Amino acid sequence: MPRWGYKIHEDRQVIWEEGDFSLVERIRLAEPSLCLCISCGTCASGCTAAQFTDFSLRRVIIQLQRGRIEEVRQEIDRCMLCGKCILTCPRGVNTRHLVLCIRKELSGDVLY
Amino acid sequence: MKIEGKKRLWQQYQKEIAGDRYFYVRSCVRQNFFPGAEAVFLKIMQDELGKDVYENPAHTSCTGIGYHCDIVPFDTAMTVVARQFSLMAEAGYENFVTSCITSFGLYSEVLETWNHFPEKQEQAARFLHEATGRPFARPSNVSHASDIIYKYRHEIAARAQYRLVNSLTGEPLKGVEHIGCHYAKMFPSKGVGGAEYPYVLVGMIEEWGGEVVDYPERRHCCGFGFRHYAVRANRGYSLSCSRKKFESMQPYKPDFILTNCPGCPMFLDRWQYVISEMEGKTYGPGNEGIPVLTYEELAGLVLGYDPWDIGLQVHQVSVEPLLKKMGIAYDPDGKYLGPGGKYLGRPENPANIYFV
Amino acid sequence: MMTKTVAVIGGGPAGMEASKELAFNGFQVVLLESGARLGGHMNQWDRLFPNKRPAGEILESLYRNFPGSITVMTETNITSIGRNADRFILRTAGRDVIEADALLVCTGFRVFDAILKEEYGYGIYDNVITSVDLEQWFKEKRPVLTSHGRVPATVGFIHCVGSRDEKSGNLHCSKVCCVTAVKQAVELKEKLPEARIFCFYMDLRMFGLGYEELYKESQEKYRIQFIRGRLSEAFENMDGSLMAKVEDTLTAKPLRINLDLLVLMVGFLPSDGTAAIGSLLGLTFNPNGFLQPRDGHLQPHDTEQQGVFLAGSCKGPKNLEETLADARSAVLRIRQYLTN
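Residue numbers (my numbering), protein chains in the order written: chain X, 1 to 112; chain D, 1001 to 1356; chain S, 2001 to 2340.
Derived by calculation from the structure, the hints in this document are not laboratory data.
For clarity, every value in this text was computed on a predicted model and none was experimentally measured.
A few of these clues could be false.
[As the list claims (entries may be wrong)] For lysine to aspartate or glutamate, the following EDC-like pairs were computed, each having C-alpha atoms within a straight-line distance of at most 20 Å:
(1) D/Lys1002 <-> S/Glu2187
(2) S/Lys2245 <-> D/Asp1214
(3) D/Lys1244 <-> X/Glu10
(4) S/Lys2141 <-> S/Glu2187
(5) S/Lys2216 <-> X/Glu17
(6) S/Lys2189 <-> X/Glu25
(7) S/Lys2221 <-> X/Glu25
(8) X/Lys7 <-> D/Glu1277
(9) S/Lys2245 <-> X/Glu10
(10) S/Lys2253 <-> X/Asp109
(11) D/Lys1002 <-> S/Glu2119
[To be verified] Only some residues are given here: those of chain X computed to face chain D with a beta carbon under 7 Å:
(12) Gly5
(13) Lys7
(14) Ile8
(15) His9
(16) Cys82
The beta carbon of each residue, even a glycine, is placed where N, CA and C say it ideally should be.
Chain X on its own, in the form it takes in the complex (with noise of 0.2 Å):
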């Protein structure tokens, strides 16, 4: 084969149906305010593990809706549980325990 010095690239574009939504579906079960998350980023702004390392709550809740799991699992064991985003979010959603939720999944332990 020639040598061409240069490759097709790798499409950036999402495609919905190729998500998989069955992570946020057994997670939804187990803490129904995950759906009213409207990616404020309040619990990214006062988050401590935000500051030091790459890792944003607003960016795994939308992730885990979009299904991108493999997103989700590579951030979210940033999280220091401190609990200040669910001091913070105004729309009520149970942070902490929806980041406990989503570990608890990923290790394979099955929620619902």
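Chains D and S: place on chain X using the hints.
Below, chains D and S alone, put in the same frame as chain X:
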């Protein structure tokens, strides 16, 4: 899909296309990519339709490629464009016809700039005078060569030797069309049919007996992208854009791709080979590719021109499957013979894509 | 003192409410409507946000106790408006002549023509409809099916179609479409519990009491998914579904999603009547083509023309509460004008 809805839009995007006395400017790259295309345009206009088409060998690149690669400043491009217009006026013509879509886009952009910023027109006139001593002029009509073929599509159909119909089944051949970004995305009103549902190529295919298939990534760029192609390391971007289109059109089983622009047929044609090498994938039936034609080449085939006289042997994707479907009697042994029977040489056979 | 006459132009909710109140206040009222019947857009609407109240209840209430003294003229188009001393002389296409001491313009709005957003394919793709079409389906109790007769599994609502869009020539926010989308999404989910329903938005403007609550309910109870991103283009797939391209701005990636039905939330534009009557009277238009009162805060009904007053959505997007309140407020102003 509701065709009436498209027709309603098409009626709103009718542009004025000059009828005769054309000053024709060529593309920088087409004579290398598809060497017969421009010659076919001239033959149709002059020999078939008896139109006055004038060319001046002193015309230059419009600098569109340089402009879009960020190496020619817009002020320079405007001055070069002013010189082309001056050549046109000097020859006594008013109707400017471009072979290239990016040229068409650039000429339209320059004229719109002059309409909105008269001081830019004054500046271009001054630069033109200082650099060449030439008088400034503006065309009364700017059309792309495909606009003209579109305008005379009925006349071409009336002289057709072949139609875009499967000669065995009688079914219309299915074509996908690609108008090239700079034809109408910048100025939708300057394209026949507008930017979202352009009609210029659709009109030709329908008039010549074929059927147009609309596919989800029709509006997507072929990926030429100028600087993306000019820099080798960036070519994957161009390749990936074309691939996105092939993946989207393949389920519709098109018999051919019809293009409007110098760059698009080049990439839609050549990249099919590259993808076949890289991934082993082809988009036509079996290991065939999808033949890619310019509008002039398609018009030439319809008019019964010998496929090898109009340069179809330099296409990467073999056009023979399309020729067979159209029932065109062609000489397989003549493919690599140039004028006077001179042997042109035959390319190496690619590994994964059908090639004759 | 002779009874003064007020000509109310436009028989939608604002015109009807104002006419009633004017009549209760002892004025002669002539209510002129270009359409075949009174009620305006309410006639096409099934249920209202935020509480899903049937629109018919509002119509009923507008017709209830409707004074017989009001002269109602439907299918009436005004061709000229002149003045004779302090009186207005209105001539109609049917050669009627109406004299009045004051005019109340209640000419309202029309919705954006979705055909103009060519890239969304309304009128071209089989399964692209507008919010008005969907409301009509609800009103007619028509089952929600795709053009191929299938129950849609995925539905997308596109916010801001023809609003906040320079390409459409409309800079303004139409204000009521966000909450309408949420209302319709919820209603659709009630009809199609299995469907996945998405709203694609630029901003969600839940400005009224009860709207944010409805939005929250739509997320939690109805599981409507909100994706912040504006549709750049839609395309029809082979099976008649739509391929929609948006940026999922919150993940900063281009997103492609297949939708069986696409609902375009068409925006709020000045009606043809607003444009025509405004021109006949030489009124001031704001940059979006709505009629401009003399002072939006302090003289919201007055115009540059003495004796000509404005009420309702001819002045800009309004919900029904605001429209009705504005109509009543205009009556107070007219009473003040005619009795002093």
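Can you verify the interface hint for X/Lys7: is its Cβ closer than 7 Å to any Cβ in chain D? Given a least distance of 5 Å, the restraint on X/Lys7 holds.
Please work out if S/Lys2245 and X/Glu10 have their alpha carbons no farther apart than 20 Å. holds, 18 Å
Satisfaction of hint between X/Glu17 and S/Lys2216, Cα-Cα up to 20 Å: violated, 25 Å
20 Å limit on alpha-carbon distance, applied to hinted pair S/Lys2221 and X/Glu25: holds, 14 Å
Pairwise hint evaluation, X/Glu10 against D/Lys1244, where the allowed Cα distance is 20 Å at most: Distance ~11 Å between D/Lys1244 and X/Glu10 Cα, so the pair holds.
Against chain D, run the beta carbon of X/Gly5 and see if the smallest gap drops under 7 Å. Check passed: Cβ of X/Gly5 comes within 5 Å of chain D, closer than 7 Å.
Please verify that hint: X/Cys82, Cβ, nearest Cβ of chain D, below 7 Å or not. With a minimum Cβ separation of about 43 Å from chain D (threshold 7 Å), the hint on X/Cys82 is violated.
Assess, step by step, whether the Cα of X/Lys7 is no farther than 20 Å from the Cα of D/Glu1277, and give holds or violated. The given pair, whose Cα atoms are some 11 Å apart, holds under the 20 Å limit.
Restraint satisfaction for X/His9 [CB to CB of chain D, less than 7 Å]: holds, 4 Å
Does the alpha-carbon distance linking S/Lys2253 and X/Asp109 stay inside the 20 Å limit? violated, 31 Å
Is D/Lys1002 within 20 Å of S/Glu2119, Cα to Cα? Distance ~14 Å between D/Lys1002 and S/Glu2119 Cα, so the pair holds.
Hint consistency between S/Lys2245 and D/Asp1214 [alpha-carbon to alpha-carbon, up to 20 Å]: The hint holds at about 17 Å.
The earlier numbered hints that this structure contradicts are 1, 5, 10 and 16.
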